[in-house]
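**Student:** Chain A is already provided as a structure; the job is to place chain B on it using the hints.
Protein chains in written order, with the numbering used here: chain A, 1 to 190; chain B, 191 to 701.
If you are wondering where the hints come from, they were derived from the structure by calculation, not from laboratory data. Computed from a prediction, not measured in an experiment: that's the story for all the values here. Be a bit skeptical, because a hint or two may be false.
The following label-pair restraints were derived from C-beta to C-beta distances [stated by the list, open to error]: (1) S205/B to K70/A: 39 to 47 angstroms; (2) S205/B to N83/A: 24 to 32 angstroms; (3) K70/A to V238/B: 41 to 49 angstroms; (4) D512/B to K149/A: 41 to 49 angstroms; (5) N83/A to A430/B: 46 to 54 angstroms; (6) E10/A to E244/B: 20 to 28 angstroms; (7) G156/A to S209/B: 27 to 35 angstroms.
DSS-like cross-link-like pairs, simulated, lysine-lysine; straight-line CA separation at most 27 angstroms [claimed, not checked]: (8) K125/A to K198/B; (9) K58/A to K577/B; (10) K157/A to K125/A; (11) K433/B to K62/A; (12) K213/B to K172/A; (13) K472/B to K125/A; (14) K33/A to K218/B; (15) K157/A to K70/A; (16) K686/B to K630/B; (17) K149/A to K218/B; (18) K630/B to K149/A; (19) K157/A to K433/B; (20) K592/B to K472/B; (21) K33/A to K213/B; (22) K433/B to K556/B; (23) K511/B to K592/B; (24) K198/B to K172/A; (25) K172/A to K609/B; (26) K125/A to K218/B; (27) K433/B to K650/B; (28) K609/B to K630/B; (29) K556/B to K609/B; (30) K511/B to K58/A; (31) K592/B to K556/B; (32) K472/B to K630/B; (33) K198/B to K157/A; (34) K650/B to K686/B; (35) K678/B to K609/B; (36) K125/A to K70/A; (37) K511/B to K62/A.
Selected chain B positions facing chain A (in silico; Cβ < 7 angstroms) [to be verified]: (38) I206; (39) E207; (40) R242.
Every residue, glycine too, gets a C-beta built ideally from N, C-alpha and C.
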Amino acid sequence: MPIMPAQEQELIRECQAGRVDAFGGLYDAYIEKIYRYLFYRLRDQSQAEDLTSIVFIKALEKINTFNPQKGNFSAWIYRVARNTLFDHLRGTPPTRSLTDAEEIPAAHSIEKEADFNYQKELILKELDQLSETERDIILLRVWDELPYKEIAAIVGKTEANCQMIFSRTVHKLQRVLGPGAFIVLLFSKY
Amino acid sequence: MTQEQLNKICEEIFSIEPSLREKEDVVKKLILRLAEARPDAALDSAFVENLRREVLSHSIRPGLRQSIVNFIQNPYVFMPAAGLVVAVIVALGAFRSDTGPQILTETGSDNTIVALGSRAFGDLAITSDFGAGGKGGGSSPASGEATREAARDGMASAAMPAPLGMGMRGGSSSIGSGIASPQMVPPYFPTRLEFRYNGDDFTAAETGSVYRRIVAGAGSNISNLLSTITFNGLDIGNFANSKLQSFTLVQEEPFGYMISGSLADGSISINENWEYWDHPGKNCTNTECIERAQLRPEQIPSNDAIIGIANAFLESHGLSKDGYGDPVVNDEWQRAISIKGGVATSMEFYAPEAVSVVYPALIDGKTLYDEGGRPIGLTVNVNVRHKRVSGVWGIMSSRYEKSDYPLITDTESILQMAKNGGWYGQPMPVDSIAGEENVKVVYATLGTPSSGLVRIWSQKGTRGEELYIPALYFPVIDSGENPEIYQKAVVIPLVKELLEQAPVYRILEKN
Numbered sequence: 001m002p003i004m005p006a007q008e009q010e011l012i013r014e015c016q017a018g019r020v021d022a023f024g025g026l027y028d029a030y031i032e033k034i035y036r037y038l039f040y041r042l043r044d045q046s047q048a049e050d051l052t053s054i055v056f057i058k059a060l061e062k063i064n065t066f067n068p069q070k071g072n073f074s075a076w077i078y079r080v081a082r083n084t085l086f087d088h089l090r091g092t093p094p095t096r097s098l099t100d101a102e103e104i105p106a107a108h109s110i111e112k113e114a115d116f117n118y119q120k121e122l123i124l125k126e127l128d129q130l131s132e133t134e135r136d137i138i139l140l141r142v143w144d145e146l147p148y149k150e151i152a153a154i155v156g157k158t159e160a161n162c163q164m165i166f167s168r169t170v171h172k173l174q175r176v177l178g179p180g181a182f183i184v185l186l187f188s189k190y
Numbered sequence: 191m192t193q194e195q196l197n198k199i200c201e202e203i204f205s206i207e208p209s210l211r212e213k214e215d216v217v218k219k220l221i222l223r224l225a226e227a228r229p230d231a232a233l234d235s236a237f238v239e240n241l242r243r244e245v246l247s248h249s250i251r252p253g254l255r256q257s258i259v260n261f262i263q264n265p266y267v268f269m270p271a272a273g274l275v276v277a278v279i280v281a282l283g284a285f286r287s288d289t290g291p292q293i294l295t296e297t298g299s300d301n302t303i304v305a306l307g308s309r310a311f312g313d314l315a316i317t318s319d320f321g322a323g324g325k326g327g328g329s330s331p332a333s334g335e336a337t338r339e340a341a342r343d344g345m346a347s348a349a350m351p352a353p354l355g356m357g358m359r360g361g362s363s364s365i366g367s368g369i370a371s372p373q374m375v376p377p378y379f380p381t382r383l384e385f386r387y388n389g390d391d392f393t394a395a396e397t398g399s400v401y402r403r404i405v406a407g408a409g410s411n412i413s414n415l416l417s418t419i420t421f422n423g424l425d426i427g428n429f430a431n432s433k434l435q436s437f438t439l440v441q442e443e444p445f446g447y448m449i450s451g452s453l454a455d456g457s458i459s460i461n462e463n464w465e466y467w468d469h470p471g472k473n474c475t476n477t478e479c480i481e482r483a484q485l486r487p488e489q490i491p492s493n494d495a496i497i498g499i500a501n502a503f504l505e506s507h508g509l510s511k512d513g514y515g516d517p518v519v520n521d522e523w524q525r526a527i528s529i530k531g532g533v534a535t536s537m538e539f540y541a542p543e544a545v546s547v548v549y550p551a552l553i554d555g556k557t558l559y560d561e562g563g564r565p566i567g568l569t570v571n572v573n574v575r576h577k578r579v580s581g582v583w584g585i586m587s588s589r590y591e592k593s594d595y596p597l598i599t600d601t602e603s604i605l606q607m608a609k610n611g612g613w614y615g616q617p618m619p620v621d622s623i624a625g626e627e628n629v630k631v632v633y634a635t636l637g638t639p640s641s642g643l644v645r646i647w648s649q650k651g652t653r654g655e656e657l658y659i660p661a662l663y664f665p666v667i668d669s670g671e672n673p674e675i676y677q678k679a680v681v682i683p684l685v686k687e688l689l690e691q692a693p694v695y696r697i698l699e700k701n
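This is chain B alone, in the form it adopts within the complex:
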């Protein structure tokens, strides 16, 4: 204790007990001895480090202010907790609770697969224009979502390289798919991608399970809750048999979120409330300003760091990773640099504001892919400027029903489709690409396939549904260092009646 501190404490005492001033020396010695009696508390640095790790592995519980938000953010609103059979009544009291999120109705258990009889989903049908993978556009959350922010912020640049071979076949890229600037006209370089096979012999089963997600359908219960509310004299309860189909919650605070729920398909997405997310280029009106605000490639954190941010967010918001595979960072943006020879000099390189992390969905232990061969599931966007999660997509029920369907067993046809880039591939020779000269042919090698599931949209009349069908996943094992080849795999769906509707299959059959 310093003399100054000692004097201060004594003066405080004397101001309360003036009589003690007469014994100032004694009081000072008493205080000093009190201070000296303080033991040495040696802090073990290993303890400090270990405890730090342990503490940061815990989750923050929602407070009163966040209870409504977390009530919805809780995946168990639509995904009943593992192993639990719950039937919880929604009450207004839930919104007053400070003890954590409440569960909103439904029965069943998480990651449940309900087996149905053969062909229980009826005839399966595909739409002719569905399928991101084969059409050159990017519709998967894994590839498209991260670029929304760049497009929104006006960061898309005319100088950005467009993916070569875009619009050909077999996949999409995050580089091209999210760019919305009207002045962007990607240069067109006719490139034809050919696949070769260098894998082992493989077999195909005669039947396989098709999966369909079971939607919780909690809308009626929330509707009941809302029906007790009157808006400006309008009694919501008067609209008989109405159901809530969607909702949006907005956090109006720095780095706030917008939480959108679809009760129709039992999904929730979280997006940044962009008005409350700062961006240095937000008010830019000229190119120089945009250029100054643009992130440089070297500012993008490592994939491990990005995954760490995503994991921490999921954990702190109670979003379980059960039922998902290891996270994969979509670092396609780096391809732009490799195309240009790895020299980053100016705005021509797209350093995204956000990078996606995909936790591939596992259904019955099988990885789910989109038709372009990209794993899909829970997608987390990490804003790399602020090093925060800026969006989450694919929060939905992990309860499924399955039914067996006949599969194609002709491995030769499967292989031929794989070599043509997938079931949307066109087995046309190079010189038949009308009106195009100097077509560049690039080659990639496919390896031995593994079993997986591919997501398709099955359309019947005016109604459609998402199905997860057995597929073979052919990985690209060698792209010959061609930067034009961004495709990581070719996925061939195996359900016979679906394949028979695919153009490539019909052409193959004719030949």
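For reference, chain A alone in the conformation it holds in the complex:
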């Protein structure tokens, strides 16, 4: 549910004034985004839901620590989600890698499953090999479709740095995927 910046600011002000019900508007605006963010990285509906719950309860309880002068709410709640995810991954080794994606029926339509091809598998395998930050920036930009400004606020780096990491990681992927994949990619349809 899209929300106007001014409306978002008003809701935050109301929350910070103690009105819990105002948080409902923020919840509606971000529930899908945060769930998707977590699901893309966990590939498990149940775990993604559990962590989404933790993120929103944390966000509500700590809304008073959010300072609008230091950044926007979107970056803040994504950061809460990212920290929650990393805490979870540190405590519980991930049971699925990115290449397990096609094995999860709930996450894919039958059509998508059938279409899951070799190139994607290669890419996902390589994404698994990337550092946490590299993978995070790639996914935040391509999957979550966030602008660099927000990505920078989420991962705690400068905008330019994020752009640099993204570009170099794409370059790296292009190199490591090798000539074979290169040819496949070049002649594949899009």
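**Tutor:** Okay, now just chain B, sitting in the frame of chain A:
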């Protein structure tokens, strides 16, 4: 991913890695495949709904900016947490804490009742002019507070109906009690209210417990803290043995509050900082402007919605509802409409800016009433225009001591007092109301009484104290659809030595 997004991402890459432009097609396909590898994340709508409910049932923790305010707002400043015996030293560090409110001294546990020997409070005495219920004025938070805002905002109207029978006996109304406009002279319609009894036989115990609140008295500790501070060279610490008795904190921001604490009686109240609460009629200088700004009755939210706002506020500010009964909305304002036949046409109907929600105090499981039979306890005012809580009263210690006193056992006298409207009632015939003609008599029926407590002020010389004494609560079960009857109950205090001081009892005894 759209072609536009794809191009944008690629251009960003090429601006950093120009060499990749030579392989633009490959890079584009790579990005596209990355995007396509994104799984479908189906969001379960039931999960979304359930989580929403769960999240909104949690409380917002205070941040650094609010820590001082919440430090005081915390009821445990004066009400030590349930089951806990605490002795916490106040330190300036408390104000720097971002981990939540600090507890301010005292020992004991919440909702504690300390039993003392018989007649431990000495002789009980009442003052002749105390008692909102019998005098026609409204002093209870339940009835009076919500109307402050209307009075302040200049919204009180000369056209508002005054409660009929006002000034007679047996109660007050929020409609009349909070109106402060000097041009308001309520029309006087002499009306006499008579009660009939249609309940079961009842008995009265020989003794019952009188309760008194234990005040925490945290003032000395805060004084110690303040004594370390110098104001413009004035060393507060030089004033030996001084104690802080009250304080006020002010939030200077939109919808800010003023938090006032009385350390003398261990109570805190929260009021809107009216300068920061917007009101369309704030700068009105004429009636038309006021009329335009006035709320219409249909704009008042439902009672459930009002209770929801009050509950959310209490929860988000850590104000426990333990020790209180189910909330009751004071919707007396609606009576004005029923008096006029339910037709809302203009300014003659008072749609209040704020409506009170009362959480009746429960002491030893008994509901506490004022002398007019209204439940009293924690009162939350909800500003219906902004749908926000604009005030909270009655935040105080729920620790009591109790002592047994002899009660009146003569049920006939009790019933007679009930029929006369309470212990301030005057058992006078209609024609003895001097100088009044065409006195209208209206009747209400009382049902079987239940046990409760009534709050009284016991005055001994220059010192007084609030006591909660055993009482019988006679509910009005039938008011014959007389809009003049706004009283919901008649409460008869039962402590013998107090009743013997009441005029009605003395008259009854003579007869």
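**Student:** Tell me the hint numbers this structure goes against, listed in increasing order.
**Tutor:** Violated hints: 1, 3, 11, 13, 16, 18, 19, 20, 21, 22, 25, 32, 36; rest satisfied.
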